[in-house]
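Engineer: Protein chains in written order, with my numbering: chain A, 1 to 479; chain B, 480 to 1095; chain C, 1096 to 1531.
Just so you know, not all the hints are guaranteed correct.
Label-pair ranges, simulated between beta-carbon atoms [as the list claims (entries may be wrong)]:
1) C:Leu1156 with A:Val12: 56 to 64 Å
2) C:Ser1526 with A:Glu52: 33 to 41 Å
3) C:Glu1148 with A:Gly16: 52 to 60 Å
4) A:Lys101 with C:Lys1505: 28 to 36 Å
Residues from chain C shown here face chain B by an in silico Cβ test under 7 Å; the list is partial [unchecked claim]:
5) Ala1257
6) Gly1273
7) Pro1283
8) Ser1286
Covered stretches of chain A (in silico footprint by chain B; criterion: 3 or more residues with CB under 8 Å from a CB of chain B, positions within the stretch not fixed) [claimed, not checked]:
9) 8–15
10) 274–281
11) 352–364
12) 387–399
13) 402–415
14) 419–433
No lab work stands behind these hints, which were simulated from the structure alone. Owing to the predicted nature of the structure, the values given are computational and were not obtained by experimental measurement. Where a beta carbon is used, it is the ideal one built from N, C-alpha and C, also for glycine.
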Amino acid sequence: MSAIEIIFFPFVLALGLSLFFRGESNVSKFAALGLFSYMLSFSLSLFEQLPEEGYLLLGEFLKVERFDFVLRLQVDMLSTIMLTLTSVLLILVALSSWSMKNQALYFSLLIMFSGAIFGLFMSTNLLWFFIFWELTLVPMYFLVGVWGAERRIFAAVKFFLYTHFASMLILVAFFLIYKESGAFDFTLVRESMLLSPVLIWWLLFIGFAVKMPIFPFHTWLPDAHVQAPAPISVLLAGVLLKMGAYAMIRLVILLLPETSQQYAWVILTLGLITMFYAAFMAIYETHLKKMVAYSSISHMGLVVIAISTMSYAGLSAALYEMIGHAFIIAPLFLIAGFFHHKTGSWEMRDMGGIMQKAPYISAIFVLAGLGALGLPGTMGFVGELSILISAVKSFGLWMIVVALGSMLGAGYIIWTLRRVIYGEMSEVVKATNFKMNMMEFLALAIFALFIILFGIMPNTLFEYINPAFSQFSSLGGAL
Amino acid sequence: MNSLALTLLILPMTGSLLAFILGKIDKRYAFWSAEFLGLALFLITLKLYSSYSEPIDIAFTWFTLGSLSIPFGIYIDELSLVMLLIATGLGFLDIHFAHDYMADDPHQPRYYAKVLFFIGGMILLVSAKDMVSLFMGWEFMGLASYLLISFWHQQKAPADAGVSAFLFTRFGDIFLFAAIGMLFYLTGTLDLMSLNSMATAGDIDKDMMYLVAVFIFIAAIGKSGQFPLFPWLMRAMEGPTTVSALIHGATMVNSGIYIVARLFDFYVAAEALLVVAAFGAISAFIGATSALVQSELKKVLAYSTMSHLSLAFIGLGAGSLAAGMTHLVNHALFKALLFLGAGAIIMSASHVKDMWRFGGYSKKMLFVSIAMAFGALSLSGIPPFSGFYSKDAIIATTLLNSETSGLISSLTLIAGVLSVAYISRLWLLTFAGENRDSELFAKVKKPSFFWITLPLLVMAFATFAMGFMQEGIIEMVSGSVAEEEHVNGLLFGLLSAIALLAIIVYYYYVKRLDITKKIASQPLMKAIHKLLFNGYFVEFFIHYFVKNVVVGSFAKTIHWIDKNIVDATVNGSKEFARVVKGYLMKTHSGQTSDNSGTMILGVLLLLVAVLVGGVL
Amino acid sequence: MISAFTLLFAFALMSIALHRSIFLKPFALLGIGLAFYASYLTQGIALSGFSLEENIRLFELIVLVVLFALVLHEEDDITITQILFIGTSSMLLLESQTLLSFILSFESLSLISVILVTQIKTKEQADGAIKMFIAGSLATGILFLGVAFYLIGGGSLLTPLAQETNSFETLGILLMLGGLFYKLTIIPFHSWAVDSYALVRHSHAALLSGLAKTVVAIAVFKVFAPFLMLHSDLTNPILITVALLTMTLGNFLALFRKNIALMLSYSSIAHAGYLLLAFVAVKSEFAKDGILYISIAYIFMQSAAFLVLDILKKHYAISRLEELKGFASQNAILAFMFTIQLFSLAGIPLLAGFLGKAVVFYAVVDAGLWWVALIALLNSALSVGYYAWVVKGMYFDSFSAKEMAFVEIKLPMSAQFILAVGTLYFGIFASTVFGV
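Can you make the complete structure from the sequences, with help from the hints?
Structural biologist: Following this line, the structure appears as structure tokens:
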């Protein structure tokens, strides 16, 4: 399949599957798995074709010359990494959705999402970027709204509306960019062409801040995370939030470097606030999945801090932490959802002693938890270490406050483990049978493997991550 | 040599996995693979030791972050080797001992896997070349400690103890983590040896250096159970006694001292040793006094560990690397002995830990009592046991150093002397006199010789023999034999104080227990007892602070703000829209007359606008 | 060659003879098909005072497609004939070149619309029809007042609208615009639409709010754009205020509606606000594309939405939101089509509604009014609130208690299919619009 087909074929496939199949459907499951695996091999094959520097043109489609409305598909290292991460996550999400209800529709939506997200990461035309950006909302809206928990409708609508509102700021910014530079293709836009970079910067920053999410625009996320079915929470944290971070790097930092430099303190401050704020929220939380959700936000705060350094090391660290966060938070969400599914409760006080009933699942939960608090040997540590080092390097000694974040992380993670995994069995747990579908467990095991593997050998990732920002290397680390 | 060193690093980690998998096939395989690996590790260390000529120095780039490279290296010199010998030697004996101690446990694969993982962490720590690998080893041990303390996670107390251990040490660890960042910023290198030499050469800003030193010391405090981060150590006694012996008596808790020793030049240059000595002195005093009144066997040992580690810190803080480190080595051995001895007692006594229910146990387990007596003597500082030399050296150093000679040396002296009291109390209450719980006594089994008593005797012999090898140890840990420093009359005074105390303890705890009880029931004594028994309420304060200030006030406030301000704004937008809609609804009555009226009004407004716009 | 207009007119007249015959519908479809063919193949023969431009021709084709779908959907004989008449006058209106032909065809369109809704069967429909009639006559009055001023100022009806104007002419033109805005349901000429759209038959509402509105918008833009471009200093403040008020009012009042038709009526008003933005941005070269694109998008999605309501009412007796609960499990395909149209109305990408709005809003930004575009976009985001709520009802809620029988609805479904394809096609292939 060519690049354009890999974007639009999923839409066709999704339509077909949703029309011709109903309810339980092995065809849909395997179609999704097959498609996502193909997407993975496609993304991996891109690595070999990438040029040393700059973009690889995959084609131009649907040209509207007069409006510069062209679906121009170009990838560089950064987008290829995002594509690979996304396809890996999609495969694992498909596996962990193996026993979902109403599979035909569910997997159709998942497939539709995959098409949109691939389009997003491949398109360098801002208008098409925006189209795919919005398009990801639709399947997500349904996935949360149909398969979610008790307050799913509230969460789905809030998620849809909140992020859609933010998108409007982005669209205005894109329009301004086109008006002032005459190009919708961000590879052709330079900051010097723009007449009102500050206005554009703020519009874009707030727009993407909602998606990442950055305090005080984060409140849609806990609701969406909690109500979404567990695999969709993984998708939210692993892909949707990463979209925000990707856009923040690509369209705020790289597109408007000078204005970003000027407002780096804004990004940094909000990143720090997000990290600590969410950590304290997580500490106070007794709702298991909400705790995980806040922990996720807290880690995105770290990514924001890394982004705000605007340095070679900092952006590499941010990208690594983005990947690490995806792999670490995924099993936490999946297992939290699984526990809820089995025990029927979200509250930690109803759990306890699950280790005795489900040792392997609990062990993966512990491992992922340790990853979240940044224990060496996991991806979490490498992420935190790189962010600490790059932040200190860029902003000076006081950035060691970043370390404090991992103390708070230890606080909520360890205390959660104590309440949920360890200790005496609660009555609810005693009465519960924690049997898991093999495919779902397989997904968990793969996540666990990634957490350790890339935690011990981070260079396998950094070999790809560093070149993504190599344009910084000649500039001595900072812009 | 390099490949041997790398094997030493990789073996325990892979072995840990192996022991777990084999153990899943058959429980006994877990033990045997662990025993075998433990022995192999010890032999490799011995080989490294015997063929040591110059430090092993291996440096890798762990990963490249942008244009920065993050190192990962191994550096094994004599100081590391001593620590390695302790870790692998005691580790092996501990595994051996666990054969019986853990025999009934259904989760042996998990146990041995974790112990091997722990040993791996310790090896990584002591052979670290740079801050990153050091921190990794540091955290691995912390993790293993957490997992092993809450090994019996199905019970409340061990699970709680694990949380406490992790969080207390983690609090310290983040300062070490921060120190990595600071050092990278200040010096651009994370290599420990270069840091030492840079510090000595004065290449680093002195105030900053002081700050870094304090940060690292906070981590050391956490890991080594010093004031004020010691309460976790007492709680850690909930874990299996073999674990307490290895991790919370002999090895992991030493790592705080090791890290200060490793960066000793840095500390000297930063002039931060006084802080070390001061905190050491406070901890030594708290530990020694609290140990006096504990009723649980293992808690006495835990407080004693705290107190003796403090002595090692004081030794370093007073400026003598040799004194501190030798005490560390000596202490590791006799404390492992005492802990394992305690383990033997507890195991034989149906897992009762309360000393007041023991008494007269030497009749049942003579060899254990003898071995423990050796340990106790060494701990008390009776010549010619190893503990005497190092303790003496520490006290002498504090007295001779003008900065530490006042309060610090007095506290050190008190702590040193009091150790006699609590350890004799422990020994006497357990082994001497009449048994105080005949039912329990009747059930006491004689421990197995090969699996239990033999390792104790080996350690007892070693602690005795080491008394005659002190110079060798000093040379290994500090690189040179320092000139003997003496304080006139100190030895005599110490010895007589020790003898006197031992006699008093013997009198009150064996001969006239009734008087002891009477004294203890005095209101003042009761209050003091309560204070000491609870470790000066440090845990209480910290717990109170965290629960009520951090969580109860701070986190709660943020939670409130999020719910009632940040999120309420978002969720309230619905209500806002409803209100706006309500107002706008008033513009639409649905009456035809109003419809027409608004149209006419519109035309009129247009005319007005046109007039204002200046068209007409 | 015969023009589309002539063909439609002929077929409309002849169709009267075919009432109560099964041949009426095929006959009407044939007429529209021939008209499409004629319009597609030829430049057409313009009557005097009428002409064809490329973009107008494209829009004519679209109108014919939608007419086709409407006829396909319709089961009432009289309405079919009226649809053809409306099509005829739409062609006239679109092609009108002089002010006189413009006003005449506009009035004929208005009249046929009124006749359309006077097929009164219920009290509600009477209410809606009368409101529309009264408002319409008032608007005609305003329009003619404007014409009178224009003539007093010295303007001529037999030429295109003057650009350089004196004060009387300007006032006249503004008043004319006011009269025309009645059809576009711009504040303050909007009140009638709320009730009329919601109360008359839904298939009639589809014609009124979907087809008639966009045709008028395109025609008005064509006629008045040159004038507005020259007088934007004067008109823009008024137009911006009116546009923003219209969309804000429409969107807010559409929120929390239980009656789907009422919600769509308000959303129609909101869309009038977006349409008006093209007039605001008239200075931008993209304004023309904008009004064309948003009209194309709107004609598809709004007609389709009202036709869905018609199906729902006729076959499922659903008119309120709570009755729609779990509808997706009853008729998945119709629910899917409805979702497409609603999302298109909400401005979700890959659907025509998004690109339509995007081009108009870009034109506004291009005209230097980014803040107007921002407010409009936020309005559009707000509209997601009620559109998504309908979708939520269909998909997320479980079935309502009412047991629904499976109904075979063939022709209206194919009409829906045509409209959905239109919405999708113009959501992806923008070059069709920009190419002309």
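Engineer: Going back to the hint list, which numbers does this structure go against?
Structural biologist: Of the numbered hints given earlier, those the structure breaks are 1, 3, 5 and 9, listed in rising order.
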